[in-house]
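Peer 1: Chains as they are written, first to last, in this note's numbering: chain D, 1 to 312; chain B, 313 to 486.
Keep in mind that the hints were calculated from the coordinates and are not lab data. Please note: incorrect hints may appear among the correct ones.
Claimed, not checked - Only part of the chain B face toward chain D is listed, based on derived beta-carbon distances under 10 Å:
no., residue
1, 334
2, 336
3, 379
4, 433
5, 469
What the hints assert, rightly or not - Reference listing, derived: stretches of chain D covered by chain B, where coverage requires no fewer than 3 residues with Cβ under 8 Å from a Cβ of chain B:
no., segment
6, 23-31
7, 94-107
8, 116-130
9, 162-175
Even for Gly, the Cβ is constructed at its ideal location relative to N, Cα and C.
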Amino acid sequence: MPHFFSNKRLILLMVSIIVLVAFIGFSMRERDSITWPEKFFRDTTGVVQSVFSQPAHWTAGFFGNVADVVHVYEENQLLKSRMEEFASMSAELESVKQENETLKEMIGSEESLSNYTTRSALVIHRTPDGWTEMIGINKGTQNGVEKDMAVVTPEGLIGKVDTASEFTSTVQLLSDSNRTNRVSAMVATENDPVYAFIEGWDEEREGLMLRKIESDAQIEEGQQVMTSGLGGIFPQGLAIGEISSLEPDEYGLTYNALVEPAADYYNLEQVNVIERTSETLDENMEQPEDEEEEEEEPVEIGEDDLEEGGSP
Amino acid sequence: MIRFALPFVIFLLFLMEGTWFQIFVPPSPERDIVLVPRLVLVAVVLTSIYRGAGSGVLIGAGFGLLYDIVYTDLIGIYMFSMGFTAYLSSFTYMAVRTSYWWQFLIIIGAIFILEWLTYGLHYVIGYTDMLFEEFFILRLLPSWVLNGTVALLLLYPFQRFFQRLRELEDLQQR
């Protein structure tokens, strides 16, 4: 039985608190990539996790199937009623697609923000403590996954790649309440689309928060929210959810909306990592950055001059 | 080889927390309470009871660091909390080693310390704005029930495991 907090131990405790603060400070800053020891531990654990998770998914899937069998009749009735609707919808979709193709040929644009390639990945873990909403997937930079790529399930967008190591990556779900968790979104209205940001999860009302909607926008409940493709790496038109309620923000200048997510963030097994093929927007974005850098230099010189002028 | 037996067993528990538990008991929007498995903590506390504060803190901080790296983006929180909890729960008396009740009580106390420390640290750095009352009802009480039950199931196997480990180590030293 140790003597709690004798002098030597008190010093040890102090040192470990300092180490703790240093580690937290190191990992809280915005990092472009993670350090190699982190990558090593994640990849090694990830290999074992892949082996562990596959049979578990099968078993869970089997029990899920057994539960499904009970509801087959009701589901069948519902789906039959939807079937007719679907036939007319798909015919409409085909004609719209063809029209889109011809229009694109007319204006001569081949690339669009909505083109992308997908890579499927298996979910190998989920953060057990509920403080952050992250999942791990078994594809990494070796498979072409990079930071900030969009991650989707067939129902819609679920999050973005937070960190990527060689063979595994972690995905930050849209429901994560971190302040940096932000996605550029748009609302499909009858006129022009309305652009806004998805900013995390509302704990009390259980929905995604869509913020900074312009006050003159014509937004109603039930409208579809999707990615805008303006954020840089996300493609355009991935479903996020639909608006369930709308209210002015605390200053009355913009609107906030609550979005009911289209995808299920809870029972995840297979997800798709999306890479946008079009680079059109990025090229346009690089130019103003260069100009800014050029502009910055004279400003710095100006400051130096001021200091020199002020010192004597 | 025998020295790797304990880390290996705890590593399996570590994987169960993140993979199996999350697949079979997925979080759901209908449920307000947060069920957090703390299998590694139970094993770490038992380690520091049966093997002393030194190896308890070593195992606790080591697996805490692994937890930080693999499951969260913040390094340090679990490393510190697990090491600290392991140190506080190192009651190495013979009376404790032979009594399941004492061990169970110590584990319950350790769960409180760990949950409270991690909640406090997340609160301080602004990752959560949950009030203490909410934390107590939504997280601590469910965690006590869940992990207390798990601890009751693990107490006997771990006692046998540590006895066997000691015997094998004695054999090796001869």
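Peer 1: Do at least three Cβ atoms from the segment 116-130 of chain D come closer than 8 Å to Cβ atoms of chain B?
Peer 2: holds (count 7)
Peer 1: Confirm or reject the coverage of the segment 23-31 of chain D by chain B under the rule of 3 or more residues with a beta carbon closer than 8 Å to the chain's beta carbons.
Peer 2: holds (count 5)
Peer 1: Taking 10 Å as the limit, does the beta-carbon of residue 469 of chain B come near enough to a beta-carbon in chain D?
Peer 2: Where the cut-off is 10 Å and the nearest Cβ of chain D is about 20 Å from residue 469 of chain B, the hint is violated.
Peer 1: If you take the shortest Cβ to Cβ gap from residue 379 of chain B to chain D, is it below 10 Å?
Peer 2: holds, 8 Å
Peer 1: Restraint: residue 336 of chain B near chain D, CB-CB cut 10 Å. Satisfied or not?
Peer 2: holds, 6 Å
Peer 1: How about the segment 94-107 of chain D: do at least three of its residues have a C-beta closer than 8 Å to a C-beta of chain B?
Peer 2: violated (count 0)
Peer 1: Confirm or reject the coverage of the segment 162-175 of chain D by chain B under the rule of 3 or more residues with a beta carbon closer than 8 Å to the chain's beta carbons.
Peer 2: Held - the segment 162-175 of chain D has 3 residues with a Cβ nearer than 8 Å to chain B, which meets the minimum of three.
Peer 1: Tell me if residue 433 of chain B is really an interface residue toward chain D, meaning its C-beta lies closer than 10 Å to one of theirs.
Peer 2: Holds, about 8 Å.
Peer 1: With 10 Å as the cut and Cβ atoms as the points, is residue 334 of chain B at the interface with chain D?
Peer 2: Holds. Min distance 4 Å.
Hint violations for this structure: numbers 5, 7, all remaining hints satisfied.
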